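As a plain string of letters, each chain reads:
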Amino acid sequence: MAADVQAGRGGEEPGGGLAPGDGQHGERADSPTPGLAQGTEPGAGQEGAMFVHTRSYEDLTSPEDGGAAARSPEERRGEAAGPSSMEQISKDFSELSTQLTGMALDLEEEMRPGKEGKLEPAPQAARHDSVLSGKEEEDVTMDAWRMHRKHVFVLSEAGKPVYSRYGSEEALSSTMGVMMALVSFLEADKNAIRSIHADGYKVVFVRRSPLVLVAVARTRQSEQEIAHELLYIYYQILSLLTWTQLNHIFQQKQNYDLRRLLAGSERITDNLLDLMAHDPSFLMGAVRCLPLAASVRDAVSTSLQQAKAKSLVFSILLSGNQLVSLVRKKDQFLHPIDLHLLFNLISSSSSFREGEAWTPICLPKFNSSGFFHAHISYLEQEMDLCLLLVSTDREDFFTVSDCKRRFQERLRRRGVHHALQEALRTPFYSVAQVGIPDLRHFIYKSKSSGLFTSPEIEAPYVREEEKERLLGLYQYLHSRAHNSSRPLKNIYFTGPRENLLAWVTSAFELYICYSPLGTKAGAISAVNKLMKWIRKEEDRLFILTPQTY
Amino acid sequence: GDQGHEPPRHCPTYIYKVVLLGSTAVGKSSLAYRYVKNDFQESLPTVGCSFFTKIIRMESATVKLEIWDTAGQEKYHSVCHLYYRGAHAALLVYDITNKETLGRAKQWLKELEKEFLHDEIVIALVGNKMDLAEEREVPLFSSQEGEEFARSRSLLFAETSAKSNHQVKDVFMAVGKTWGKHEASQAWTGPLGRGCCPVALLPPSPSAPAA
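Chains as they are written, first to last, in my numbering: chain A, 1 to 549; chain B, 1001 to 1211.
Fair warning: there could be bad hints in the mix.
[To be verified] Derived contacts from chain A toward chain B, CB cut-off under 7 Å, selection only:
1. 264
2. 347
3. 351
4. 353
5. 392
6. 460
[Said to hold, decoys possible] The calculated SDA-like cross-link candidates involving lysine to any residue, where the alpha carbons are at most 20 Å apart (straight line), are:
7. 1064(B) <-> 405(A)
8. 1054(B) <-> 378(A)
9. 404(A) <-> 1106(B)
10. 1037(B) <-> 255(A)
11. 1054(B) <-> 356(A)
12. 1037(B) <-> 160(A)
13. 1114(B) <-> 220(A)
14. 1064(B) <-> 172(A)
15. 160(A) <-> 255(A)
16. 1037(B) <-> 353(A)
17. 1106(B) <-> 1134(B)
18. 1054(B) <-> 398(A)
19. 1064(B) <-> 383(A)
20. 1054(B) <-> 160(A)
Hint data in this document are derived by calculation from the structure and do not stem from the laboratory. As the structure is a prediction and not an experimental result, all values here were calculated from the model. Note that CB positions come from ideal geometry on N, CA and C, so glycine has one too.
With these hints in hand, go ahead and build the complete structure from the sequences.
Dropping the structure here:
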């Protein structure tokens, strides 16, 4: 395989915050598509963004992880004593955050010294749901356990196991002890361990006090991408507990066994790891929309918008892991990561299928210190349409529940119910619609809207391993394009089984996969044709007119 | 108005709130599902709380049961008071094959006793998973200590199986009847402060069709 690469001029500087970006004006003139400045590319919203602006995953890897993955040692030394990055986030979002209570009362009580003895015994069976979900704990001494492609461990800074993707945490406590020892050993020297590369494995460490996250992977992902996935796991834990509560717990009691609080939620983390292995949303740091005629989507959005309540911040309608509509409070932006966490929560539990759920949930990128209350329900038994109403007021169940009723009523009155049902029958489109014979698959992301589109993965990527291999190739291109020390704008990759092309500009990212017999010139003309097609279809594939209440 | 189903004019609607509390994996959701849908399915742990309604139509009144099925996981403990506040009845569920879960149910009882006056709430202690009787860890509750415990706190008690549909409906009905016997003068403003709904007590009606 050969990689024909062209280095980007400026690249995207790391350190991009969470605030809407400045569009990198400097790059526009040099952009290979001057007509496609940010905000004008296909899929860009006409009335501003729906999400907090993100530059792919840069905001995940820096500055929050202290530049661990991205900076040169010189740069890092300077900020070694810098303020905790999460503190910065909560500060940034303090104006946005609604007043929410953080700390659980009974926890507060529990933390008082001398109270431990009276507590309910910690759940002994770490995975209460393992029986229910048919998931047996693996024997960690077996070869089969060692053969997993990616292990993920979470431990506390006291070295206590918090989570393990495979096998029981208890059986791994000595392994986790060793991991913590490694972290501490280097820290004693005012240094930080980032990764170990040996024997085809990458061992990646992410430190988010009071937790340490470790992955042991033999995938083709870069260290940066594995760290990115570990951060998702960290955010997943925050979404259950809030950053405030997590820190409070460990401040009170360093050797607290966090599994007590996470009991019953391991499957949510398991599901997230599985999802990241085959859904490009996480890699792209963007959200995919259900293909839907603009008129139908507008009717849905308007219905959602009209079924509002004072305490509602976000109304989200989704199908599978695709967004149907999102209505938000004015000036409140959802971060794609938070939306991914919501997608994951919903896809990891069948319990939402029945009744109406009302649950506290933290959206860590929005406000890591407080809980929202989410009303989660499916519109109809047989339809894969899940409605999520995010409220600031935990007392507001009946009001929010009524919003759902009003929304359904309006949907019926607008008569879009049938059209919606039709659209759900074909939630993915075929790449054949584009009309480029050699084109097998592509991913196109509009940076300004934070949305991406991608056809169904079809032959020859039929088996699960093949699909994962394709995603692996995208991951490779993505990591080359976003390598923080040497970002690339164009990558042409020829492999034995397919050719790929990546094109990253300030406005969009495009990854295409096409026949190994195709030529580079053919690929370039395909890109032009594809871009035209996406432009033509953009009102079906994207949400161009996001609504607010 | 914010009411979903408007009952016929002549027929008063009583709203009656029942909350299920207990450890994780004792079968709270399965009990609710069995009662509401008369079906059984293995379910994953509840996230936060699930809300169900069941309308029971009687000759003289319509009863709307609001069932709050809470998550047993410890991290949701702190929000549970949101769900049981204003409840007319609580089912404290444990798993007869797991002794620890009975201890947890007793803890819930203590918490409820702090929140409610004696006659404000009907509490039933429910030992679920009768279908696994051979793995029983908690002796049948009618034996000495258990029964005394239940009597001393004037609790209702039943052993059920959501899986084999044993006594599930009976528990909900028994709770309803007991509530009806409580002083009928109790005035409720309705759960979670909804003042607009006609809320009264569930009349004792042994023949209520639970259709």
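* Hey, residue 1037(B) versus residue 255(A), does the alpha-carbon distance stay inside 20 Å? -> Violated, at about 44 Å.
* To do: With a cut-off of 20 Å on the C-alpha distance, tell me whether residue 1037(B) and residue 353(A) pass.
  => Distance ~13 Å between residue 1037(B) and residue 353(A) Cα, so the pair holds.
* To do: Would you check the hint for residue 160(A) and residue 255(A), treating anything up to 20 Å between C-alpha atoms as holding?
  => Given that 20 Å is the threshold and the Cα spacing comes to 7 Å, the pair holds.
* To do: Assess, step by step, whether the Cα of residue 1037(B) is no farther than 20 Å from the Cα of residue 160(A), and give holds or violated.
  => The given pair, whose Cα atoms are some 43 Å apart, is violated under the 20 Å limit.
* **Residue hint residue 347(A), partner chain B, criterion CB-CB below 7 Å** => 12 Å, violated
* Does the alpha-carbon distance linking residue 1054(B) and residue 398(A) stay inside the 20 Å limit? -> Holds: residue 1054(B) and residue 398(A) sit about 16 Å apart, inside 20 Å.
* Asked: Does residue 460(A) pass the interface hint, meaning its C-beta sits closer than 7 Å to a C-beta of chain B?
  -> 35 Å, violated
* Asked: Within 20 Å, alpha carbon to alpha carbon, are residue 1064(B) and residue 383(A)?
  -> 26 Å, violated
* Given the proposed pairing of residue 1064(B) with residue 172(A), does the C-alpha separation stay at or below 20 Å? -> The hint is violated at about 50 Å.
* Does the structure keep residue 1064(B) and residue 405(A) at a Cα separation of 20 Å or less? -> Holds: residue 1064(B) and residue 405(A) sit about 17 Å apart, inside 20 Å.
* Asked: Holds or violated: residue 1054(B) with residue 160(A), Cα cutoff 20 Å?
  -> 45 Å, violated
* 20 Å limit on alpha-carbon distance, applied to hinted pair residue 1106(B) and residue 1134(B) -> 23 Å, violated
Hints 2, 4, 5, 6, 9, 10, 12, 13, 14, 17, 19, 20 from the list above are not met by this structure, while the remaining hints are.
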